[in-house]
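Trainee: In case you want the letters, here they are:
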Amino acid sequence: MLTRRLILVVAIAFGLVASSVLPAHADVDGQQAKDMVSKLAKQAVEVMTGKGVPDSERVERFRSLFISSVDLPGISRFVLARHWKIASPDQQQDFVKLFEDMLVYTWANRFKDASDKIAVQVNGVKPDGDQGVVVDSVIVRDGQEPVPVLWRLRQTDGALRIQDLLIEGTSMIVTYREEYASVINQNGGNINSLLDVLRKKTVSMAQQQSAGKTN
Amino acid sequence: MTTRFHPSSFFRSCTTAFCTLVMSVVVAGCADAPPATDTEAVAEYNRANDPLEPWNRGVYDVNAAIDKAVIKPAAERYRDYVPEFVRDRFRDFLNNLRSPVIFVNDVLQGDPKKAVDTLTRFTFNTGFGAGGLFDVASGLVPRHENDLGETLGVWGVGEGPYLVLPLLGPSNPRDAFGVGVEAYADPFDRYASNMGYGYVTYIRGAMSGLQRRTENLDTLDEIERTSIDPYSTIRSLYRQYRQSLIDGKPTSDKPHPGLSGSYPDNAELSQETN
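Listed in order, the protein sequences are those of chains A and B. Counting the first sequence from 1 gives a position; the working numbering is that position plus 23. Counting the second sequence from 1 gives a position; the working numbering is that position plus 171.
Worth flagging that the hints you see were computed from the coordinates, not collected in a lab. Incorrect hints may appear among the rest.
Stated by the list, open to error - Straight-line C-alpha distance at most 27 Å; calculated BS3-like pairs for lysine-lysine:
1. A/Lys-149 to A/Lys-65
2. A/Lys-140 to A/Lys-57
3. A/Lys-223 to B/Lys-243
4. A/Lys-57 to B/Lys-420
5. A/Lys-224 to A/Lys-149
6. A/Lys-120 to A/Lys-65
7. B/Lys-239 to A/Lys-223
8. A/Lys-223 to A/Lys-120
9. A/Lys-108 to A/Lys-223
10. B/Lys-420 to A/Lys-135
11. A/Lys-140 to A/Lys-74
12. A/Lys-223 to A/Lys-74
13. A/Lys-224 to B/Lys-420
14. A/Lys-120 to A/Lys-62
15. B/Lys-243 to A/Lys-149
16. B/Lys-239 to A/Lys-224
17. A/Lys-74 to A/Lys-62
18. B/Lys-239 to B/Lys-420
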C-alpha cells in the first residue's frame, strides 16, 4: 500500500520535474522559434542590402516583412499603456500607424547599415509563460563586441510573432513606453501632442531614408 | 583692446551659470506627483523613478549643450584623425588601469572566478602587454567591467531616484556614490597624487571620458535619430541596463538576465497587450 503510494508520488514528482525541465512547450515549438529568428534576421539584411532594388521599394518590402513578424497591435497597446484606454478609437488607430512607421524606419536603417557582415547567432530558447518563448541570440559584427539580444516571441493569431527585443538587458517596448509616457506628460496629458510629435519625426525619418543618409 | 580669454571672467560666468541653475531648481522644485487616487498614473510616475525630473532635465540640457559644442566634436575628431592602432593602445591602457578597482568589486561580490580573471588579465597585460598598452590576455580571458554601484546593487542597495550628473550624465545616488569612492580610492590616482602628480589624474579622467564618448558616438546618434524625447529614452536605457548588470550576476537570484527587475512578466504582458 505504502509502496504503491510512494511510486505514485515519485511518478507525479518526476512528471512535474520533467515537464518543467523540457524546453519545448506544448504550445510553442522551440526549434520553430529559433528557426524563425535566424531566418528573419537573414531576410531583413537581404531586403535592405540586396542589389538591384530601388530604395523606396526596399523599405516597403521591409515593412511587409516587419508587419508579418511583429505583434504590432499588442506592442502598441503595451507602449501606450494607460493612455491607450483613454484614447479614442481614431487616436488608437493613428498611433498604431505612426508607431509602425517609427519602428520600420528605425529598423530598416539599422539593417541597411549592417550590410552582410552581420550575423545573428541563435544560442538557445526558453519557454516564457503559456504562449511564449524567449530566444537567446548574439549579434556578431566585424571588429565590434558581440551584442547579446533576447527575442521575446508569442503566439498571436495562429502565428509566432515578436513581442519584444532585449538588447544588452534593455527592453525595446519598456523604453518606448517610458519615452511616450514622458512626451504625453510633458504636454499636459494630451495624446494628440504625442501623435503630432510622432508624425513630424516619422516624416523626417522617411525623408532621411529616401535621401540615403544614415544619420 | 583685443578679445582674449580671461580665466577669471570665464570662471565668474561659470559661477553665475551654476547659481542660475541652482536657483532654477529651487524655483522649479520637484516633479508634480499625480493624485494618489489615479493609481495608473501613480504607477507610471513610479516606473519613471524621476521625482527630480525638472532639475535633471536642466542638467541634461546643459550637458547636451556642452557635448554638442565640445565633447562630441572632440570624439569625432579623435575617431576620424587618430589611427585605430593608437586609439586601441589608449583604450587597452586605460582599461588595464581600472583592473584593481574591478578586482576589488569582483571580490566584494563574492565572485572568485571573475576576480581570478581580472587578476590574470592584469598580470598578463602589465607584464607581457607593455605595461597594459596591449590587451594580450583577451584571447585567453575575456574582459569584464565592474564597479561599486553594481556591488552595492548586488548587496541589495536600491538605486534611489534617477539623477543626471553634470558632465558625467545618467546616474543615481547609489552609482554616483560608487563613482565618487572609486575616484578617491583608485590606487593609481592615489599614487600619482601622493607623488605630486595630481594632474595625471585629470588627464586620465579626460582620456577616459573621450574614450567613452567615442565608443558611444553611434549609439547616441541613433538615439538622436529615432527618439522623440532623448532625455527619457536615455533614462530608461540607463536604468534597465544597470539593473540587468546586477540581475545578471551569479550571486543574484534572478532567473534570466534581462527578464527581471521592473520588466513585465508574461502574465502582465499578456494582460496589457490583449
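Trainee: Are the Cα positions of B/Lys-239 and B/Lys-420 separated by 27 Å at most?
Mentor: Violated. B/Lys-239 to B/Lys-420 sits at ~36 Å, over the 27 Å cutoff.
Trainee: Check whether the Cα positions of A/Lys-224 and B/Lys-420 lie no farther apart than 27 Å.
Mentor: With Cα atoms ~38 Å apart, A/Lys-224 and B/Lys-420 exceed 27 Å; violated.
Trainee: Decide if the proposed pair is consistent with the structure: A/Lys-108 and A/Lys-223, CA atoms, cutoff 27 Å inclusive.
Mentor: With Cα atoms ~24 Å apart, A/Lys-108 and A/Lys-223 stay inside 27 Å; holds.
Trainee: For the pair supplied as a hint, A/Lys-223 and B/Lys-243, confirm whether the alpha-carbon distance does not exceed 27 Å.
Mentor: At roughly 26 Å apart (the allowed maximum being 27 Å), B/Lys-243 and A/Lys-223 satisfy the hint.
Trainee: Straight-line Cα separation of A/Lys-120 and A/Lys-65 no greater than 27 Å?
Mentor: Roughly 26 Å between the alpha carbons, so the hint for A/Lys-120 and A/Lys-65 holds.
Trainee: Holds or violated: are the alpha carbons of A/Lys-223 and A/Lys-74 at most 27 Å from each other?
Mentor: Violated, because 31 Å separates the two Cα atoms, which is more than 27 Å.
Trainee: Verify the proposed pairing of B/Lys-420 with A/Lys-135, using a straight-line Cα cut of 27 Å.
Mentor: Violated: B/Lys-420 and A/Lys-135 sit about 34 Å apart, past 27 Å.
Trainee: For A/Lys-140 and A/Lys-57, compute the direct alpha-carbon distance and say whether it is at most 27 Å.
Mentor: holds (21 Å)
Trainee: Could you grab the alpha-carbon distance between A/Lys-224 and A/Lys-149 and see if it respects the 27 Å cut-off?
Mentor: Violated: A/Lys-224 and A/Lys-149 sit about 36 Å apart, past 27 Å.
Trainee: Measure nothing beyond the straight line between the CA atoms of B/Lys-239 and A/Lys-224; if it is 27 Å or shorter, mark the hint as holding.
Mentor: holds (21 Å)
Trainee: Take the C-alpha atoms of B/Lys-243 and A/Lys-149, compute the straight-line distance between them, and say whether it is at most 27 Å.
Mentor: Judged against 27 Å, a Cα distance of about 41 Å means the pair is violated.
Trainee: A/Lys-223 and A/Lys-120: Cα distance at most 27 Å?
Mentor: holds (13 Å)
Checked against the numbered hints listed earlier, the structure breaks hints 5, 10, 12, 13, 15 and 18; every other hint is satisfied.
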